[in-house]
Amino acid sequence: MNQVLLVFLYALLTAVATGLGALPFLFVRTVSGTVVAHTNALAAGLMLGASFGLVGEGTRHGQVQTVAGGLLGVLFILAAQRFLSRREEGAVVIEAGRGKGAQRMLLVLVVMTVHSFAEGVAVGVSFGGGITLATLITVAIAVHNVPEGVAITAVLRPQGVSIARCAAWSVFSSLPQPLMAVPAFLFVDAFRTALPWGLGFAAGAMIFMVLVELLPQALDEGRRAAVGSLAAAAAVGMALFQQAL
Amino acid sequence: MAIFLARSGRQAHIVPMPAVTTPSVLLWALLAACATALGAVPEWLRGRPSPAIMAWARALAAGLMLGVAHMLLAYGLDGHLVQGAVGALLGIGSVRLIHALTGTGELDLESDGTANTTGGNRVILAEVMHAAHEGVAIGAALLVSLPLGISMVVALGIHNVPEGMATIAALTGRGVRLRRATVLALAARLDQVLLASVTFAAGGAVPALLPWMVGFSSGALAYLVLVDLLPAAYRNAGRTSIAVVTMVALAMVVLLTGTPS
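Chains as they are written, first to last, in our numbering: chain F, 1 to 245; chain P, 1 to 261.
FYI, nobody ran anything at the bench for these hints, they're computed from the structure. Quantities reported herein were computed from a predicted structural model and do not represent experimental measurements. From the three backbone atoms N, C-alpha and C, an ideal C-beta is built for every residue, glycine too. Any given hint could turn out to be false.
[As the list claims (entries may be wrong)] Heads up, incomplete: computed chain P residues facing chain F, CB under 10 Å, no partners named:
#1 LEU77
#2 LEU81
#3 GLY91
#4 ARG96
#5 GLY215
Just chain F, with the same shape it has in the complex:
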């Protein structure tokens, strides 16, 4: 099979795996304020844990570049928030959500999509190490994408988005992976230099999003102990899960 097509198919597989993260929500029937708080806490923890993995990977390639990329990620979220806040109340509409809820959904989708660019680069660059390494990296990223799909669905589902559409949005957020994997494979050296910046950017945007949106909202709606337990356990679990991969 043509090598470029193989890279694209491997990365597409990782993107499709993200949709599996919507499946656990088939068992969540009612969406009360407490459920919203708990799902936001879960999403916050998963995103924190995933970000720690990105930081760990980024610092292997360049510590200062990763931190600088993180700063750019924070500035990106600040700019996105400022852009959205200038819209009229209720003007931001996505799926069934309006206003603040829609704003949160949009930010989460943007952050996770941006984060997928870095993962796509990782898949493409890994092909330079041979098919065995590329397969291992692809499986690792595919498995890692499932809890990311959970995190996305955890924010979308309480806003009334159907399971099928949550899965579709989750896959959509990972589409940059196959799109970036091919150029990263073809121009490995250039992308290797940019990798810590990209990983830092994704991590910075994600952590900032957690601290400025998901966590405060969860603490407002739910009991501190429950929110803290869910978020801490999810963060540690995700960080260890990535180490296992």
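With the hints as your guide, set chain P onto chain F.
What follows is chain P alone, placed relative to chain F:
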């Protein structure tokens, strides 16, 4: 004896590292704990800090603590992930239990400006609990390696300054005099020294305990950030400023601790 490779010009040479002993762990932890007293300086110079400054101080402490928890997990498990995971759940559970037993679970760490002895006692209790888990983190990190341990001591020492500032301000806001509040804040940190030494000694005697200790302290520290420090910070300053300060602190830990091996 731990050794590491150092480069001097083009030549690599082996540099012997000093062995870490339990008395030296006690000194390292004491150094970190004593940094708490520096938290009194702003109030001594300019009076009680505003609620917003106390909130940013807690956010700074939160970012440093979260960074410490992450670095411990990244460097300290050596593949023992199941033990680390179960240890983390035990750490979270231990803090929840202590919160329930001491009534500090929904405590407002900041003051309402009135003298409130009960509230002041609970602030001290909350700090004793924070310090205990930080002590376990220091002991575990020094068991993993001296460089990681020193990074932890420095990060937690820096973290103790804003946390000390916020604790002292919370006590003076409840009618405690500044000098007494400083002494109380320092005394609340003594268990950090004790637990660092006990953790190091226990882990040295039974190496299989180390991943459990790493997981325990990481889970507990992450939980304390999410349930004590950040909620207190969010109440008194805007979310965006809290997020920015927390991120700056996280970045400090990443730069301080270096890259995973």
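Inset, instruction - Could you work out which earlier hints the structure fails to respect and list their numbers in ascending sequence? - result: Of the numbered hints given earlier, the structure breaks none, since each of them holds.
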